[in-house]
Amino acid sequence: MNFNNSLELTQSQNIIITTQLKQSLKILNMSKLELEEEIKRELQENPLLEEEIHSEIDWKEYIKNIEHSHLIDKNELYYNASNDINFDNLIKETDNLYENLHLQVSLYEINKIEKETCDYIIDSLDEDGYLRIDEKEIIDTLNINENTFKNCLEIIQQLEPSGVGARNLSECLIIQIRNLGIKNELLEIIVSKDLHLIGKNKYKEVCKKYNISMQKCLNTVNIIKTLNPKPGKIFSDENSIYIQPDVIVEKSADEFIVYMNESNNLKVRISNFYKEILKSSKCDENTKNFIKEKLNSATGLINSIENRKSTILKIAQEIVKNQSEFFYKGEKYIKPMRMKDIAQSLGFHESTISRGVNGKYILTPSGIYKFKYFFNSEIETKYNNTLSSISVKKIIQEVIHSENKKKPLSDKQIVNLLNDRGINIARRTISKYREELGILSSSKRKQY
Numbered sequence: 001m002n003f004n005n006s007l008e009l010t011q012s013q014n015i016i017i018t019t020q021l022k023q024s025l026k027i028l029n030m031s032k033l034e035l036e037e038e039i040k041r042e043l044q045e046n047p048l049l050e051e052e053i054h055s056e057i058d059w060k061e062y063i064k065n066i067e068h069s070h071l072i073d074k075n076e077l078y079y080n081a082s083n084d085i086n087f088d089n090l091i092k093e094t095d096n097l098y099e100n101l102h103l104q105v106s107l108y109e110i111n112k113i114e115k116e117t118c119d120y121i122i123d124s125l126d127e128d129g130y131l132r133i134d135e136k137e138i139i140d141t142l143n144i145n146e147n148t149f150k151n152c153l154e155i156i157q158q159l160e161p162s163g164v165g166a167r168n169l170s171e172c173l174i175i176q177i178r179n180l181g182i183k184n185e186l187l188e189i190i191v192s193k194d195l196h197l198i199g200k201n202k203y204k205e206v207c208k209k210y211n212i213s214m215q216k217c218l219n220t221v222n223i224i225k226t227l228n229p230k231p232g233k234i235f236s237d238e239n240s241i242y243i244q245p246d247v248i249v250e251k252s253a254d255e256f257i258v259y260m261n262e263s264n265n266l267k268v269r270i271s272n273f274y275k276e277i278l279k280s281s282k283c284d285e286n287t288k289n290f291i292k293e294k295l296n297s298a299t300g301l302i303n304s305i306e307n308r309k310s311t312i313l314k315i316a317q318e319i320v321k322n323q324s325e326f327f328y329k330g331e332k333y334i335k336p337m338r339m340k341d342i343a344q345s346l347g348f349h350e351s352t353i354s355r356g357v358n359g360k361y362i363l364t365p366s367g368i369y370k371f372k373y374f375f376n377s378e379i380e381t382k383y384n385n386t387l388s389s390i391s392v393k394k395i396i397q398e399v400i401h402s403e404n405k406k407k408p409l410s411d412k413q414i415v416n417l418l419n420d421r422g423i424n425i426a427r428r429t430i431s432k433y434r435e436e437l438g439i440l441s442s443s444k445r446k447q448y
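Be aware that the sequence shown starts at 1, since it is given in my numbering, and climbs by one per residue.
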């Protein structure tokens, strides 16, 4: 055998293996959405790839989806047979704040200039529903008088969601108060001048300033808490994001079944048309080389996708196996687990596990979770065993939930309570976990 030829072949194979490995790692690291975008890009760039389309309906999957769906007519959410119909709620719902407001304005009997002004104001709102542009700028741009602007802004401020068209937080809340039909001068004054005191729970200062009882102050605070500081956000994209799980876990008898979520997956295959061209004797060398190059690329992509599926499924199965108590009993029973542990069990490198869990979601009978949720640190106990950080957070949550709201527990007191349960934990860790849970400090949790 010619050594030089052998060396060239070995180097060529190494280059191919290295390229395929890089692609596999890249594909493994992608989320479900990122993978779909990558496949779409490859479909455009590689003529040998084609989308695999199933023309037949998968009735089994269709029926399953119907059984698991909660299909409700949106108008049923607003209809109560015992009440009169609220026509404001029967306005066609859209996914966009601006479209929704334009639609509502179209129902008003106003002249052309007022319609154009209303539309301009709507388009000038930010995503929270606020009008941040100076009114003089709008008046000058549209060449309208101040009264026209004020009348049109008043129309906008009567629309749903209540609070849109406000120029600041206080005005936003006052609009909502008035639209609710609440006539309370003191409430409006507090909202206009002293929201900062309410935000800092300085209720005693409010009582002293307005010479009112604590109960009256708390009643005012409770009304304010029902209002929406960002009315436009109910139409924001982040409220309509739909997470597609990569893996589904279902309980069957006394065990949990783990499988890949293949629904809505974009699938590709290699085109038979180009395979036939490659076999043809009429195909010239340049064309053959081009097809072979694209064939290697297409095969590499398909193999990488299959490897991704296999790796993610193995990781998910290992998670379910190691966290069985979580799946049977709930969040309090989640165990400490490291990526290193899963890597050793599967014979993978830890970096492979890291890529395999990145941006991946698992749908369980108790909800949808990030893969990363199941990997957490351990907290030592006095009984020579360990608890997961998630379990400890759950305990902290329960302790704070059951505390005396007028005398909330300090972080130090929570440390003492957990120490009594045999959990060794520092005050700074309690503070860190509390903040991660979105729980305020004791001074801000205090109710008067």
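Hints in this document: simulated from the structure, not taken from any laboratory.
Be aware that a few hints might be false.
As the list claims (entries may be wrong) - Straight-line distance between alpha carbons at most 30 Å, and here's what the computed DSBU-like set of lysine-lysine pairs gives: (1) K314 to K288; (2) K200 to K225; (3) K394 to K340; (4) K32 to K406; (5) K329 to K209; (6) K309 to K267; (7) K292 to K279; (8) K32 to K251; (9) K225 to K275; (10) K233 to K267; (11) K26 to K309; (12) K335 to K279; (13) K225 to K115; (14) K321 to K292; (15) K251 to K193; (16) K40 to K314; (17) K267 to K332; (18) K216 to K40; (19) K26 to K209; (20) K193 to K446; (21) K372 to K405.
What the hints assert, rightly or not - Derived Cβ-Cβ restraints for the label pairs, each shown as a range: (22) L346 to K204: 19 to 29 Å; (23) K204 to I182: 18 to 28 Å; (24) K230 to R178: 12 to 22 Å; (25) D254 to K340: 43 to 53 Å; (26) I243 to K446: 52 to 62 Å; (27) D341 to Y98: 30 to 40 Å; (28) C283 to S263: 32 to 42 Å; (29) G422 to Y328: 53 to 63 Å; (30) R167 to N96: 16 to 26 Å.
Every value quoted in this text rests on a predicted model; they were computed, and no experiment measured them.
Yeah, the Cβ is synthetic: ideal placement off N, Cα and C, and Gly gets one too.
Hint check:
| no. | hint | result |
| --- | --- | --- |
| 1 | K314 to K288 | 38 Å, violated |
| 2 | K200 to K225 | 13 Å, holds |
| 3 | K394 to K340 | 24 Å, holds |
| 4 | K32 to K406 | 47 Å, violated |
| 5 | K329 to K209 | 51 Å, violated |
| 6 | K309 to K267 | 12 Å, holds |
| 7 | K292 to K279 | 11 Å, holds |
| 8 | K32 to K251 | 24 Å, holds |
| 9 | K225 to K275 | 66 Å, violated |
| 10 | K233 to K267 | 35 Å, violated |
| 11 | K26 to K309 | 13 Å, holds |
| 12 | K335 to K279 | 57 Å, violated |
| 13 | K225 to K115 | 34 Å, violated |
| 14 | K321 to K292 | 43 Å, violated |
| 15 | K251 to K193 | 55 Å, violated |
| 16 | K40 to K314 | 26 Å, holds |
| 17 | K267 to K332 | 39 Å, violated |
| 18 | K216 to K40 | 60 Å, violated |
| 19 | K26 to K209 | 62 Å, violated |
| 20 | K193 to K446 | 23 Å, holds |
| 21 | K372 to K405 | 34 Å, violated |
| 22 | L346 to K204: 19 to 29 Å | 59 Å, violated |
| 23 | K204 to I182: 18 to 28 Å | 24 Å, holds |
| 24 | K230 to R178: 12 to 22 Å | 18 Å, holds |
| 25 | D254 to K340: 43 to 53 Å | 30 Å, violated |
| 26 | I243 to K446: 52 to 62 Å | 36 Å, violated |
| 27 | D341 to Y98: 30 to 40 Å | 50 Å, violated |
| 28 | C283 to S263: 32 to 42 Å | 39 Å, holds |
| 29 | G422 to Y328: 53 to 63 Å | 23 Å, violated |
| 30 | R167 to N96: 16 to 26 Å | 22 Å, holds |
The structure does not agree with the numbered hints 1, 4, 5, 9, 10, 12, 13, 14, 15, 17, 18, 19, 21, 22, 25, 26, 27 and 29 stated previously, though it agrees with the rest.
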